[in-house]
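Quick note on the numbering used here: the sequence shown kicks off at 3 and runs consecutively.
It is worth saying that the hints were derived from the structure and are not from the lab. Treat the hints with caution; some may be incorrect.
As the list claims (entries may be wrong) - DSSO-like cross-link-like pairs, simulated, lysine-lysine; straight-line CA separation at most 27 angstroms:
{"#": "1", "residue 1": "Lys38", "residue 2": "Lys93"}
{"#": "2", "residue 1": "Lys61", "residue 2": "Lys95"}
{"#": "3", "residue 1": "Lys46", "residue 2": "Lys95"}
{"#": "4", "residue 1": "Lys38", "residue 2": "Lys105"}
{"#": "5", "residue 1": "Lys102", "residue 2": "Lys38"}
{"#": "6", "residue 1": "Lys93", "residue 2": "Lys61"}
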Amino acid sequence: LDPIRAITKWLLPEGFPAHPHAGFDTVTYCISGGLKHRDSEGFKMSYGDGEVQWMRAGKGMIHEEMWDLDGSEWKHKSIELFQLWVNLPAKEKDQPPFVKLLKPDMMP
Numbered sequence: 003l004d005p006i007r008a009i010t011k012w013l014l015p016e017g018f019p020a021h022p023h024a025g026f027d028t029v030t031y032c033i034s035g036g037l038k039h040r041d042s043e044g045f046k047m048s049y050g051d052g053e054v055q056w057m058r059a060g061k062g063m064i065h066e067e068m069w070d071l072d073g074s075e076w077k078h079k080s081i082e083l084f085q086l087w088v089n090l091p092a093k094e095k096d097q098p099p100f101v102k103l104l105k106p107d108m109m110p
């Protein structure tokens with residue numbers, strides 16, 4: 003058993019509530035289950051199974067990633083994800099934030 007997963011589910015039973023980011027990208031690969039994204043720029047989306055969310059925090063944003071547990075195609079699946087944080091070069095840290103969803107058929 004992976005102790006990090008057990009601790010995460012205990013500490014964050016509904017996902018990752020609103021928190022700030024600035025100056026980097028997060029790339030979230032949803033292996034199984036689903037997530038709901040919402041942020042201070044007005045972006046909202048649900049994503050899951052094999053999809054990738056690319057979020058550029060740029061000059062700064064507040065966002066949340068909550069488990070998509072109700073009424074979705076991922077309702078009864080366990081949630082597994084992999085996330086990379088990519089520090090942006092200094093000249094790119096002040097760019098406007100954005101969020102992009104990459105579907106499995108868009109990736110090699």
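Inset, instruction - Starting from Lys61, check that the Cα of Lys95 is at most 27 angstroms away, please. - result: Within the cut-off at roughly 6 angstroms; holds.
Inset, instruction - With a cut-off of 27 angstroms on the C-alpha distance, tell me whether Lys38 and Lys105 pass. - result: 15 angstroms, holds
Legend entry - Satisfaction of hint between Lys61 and Lys93, Cα-Cα up to 27 angstroms: Roughly 11 angstroms between the alpha carbons, so the hint for Lys93 and Lys61 holds.
Inset, instruction - For the pair we were handed, Lys46 and Lys95, check the Cα-Cα distance against 27 angstroms. - result: 22 angstroms, holds
Inset, instruction - With a cut-off of 27 angstroms on the C-alpha distance, tell me whether Lys38 and Lys93 pass. - result: 30 angstroms, violated
Inset, instruction - Compare the distance between the alpha carbons of Lys102 and Lys38 with 27 angstroms, and conclude whether the hinted pair is satisfied. - result: Roughly 13 angstroms separates the two Cα atoms, so the pair holds.
Comparing the model with each numbered hint stated earlier shows that hint 1 is the single one that does not hold.
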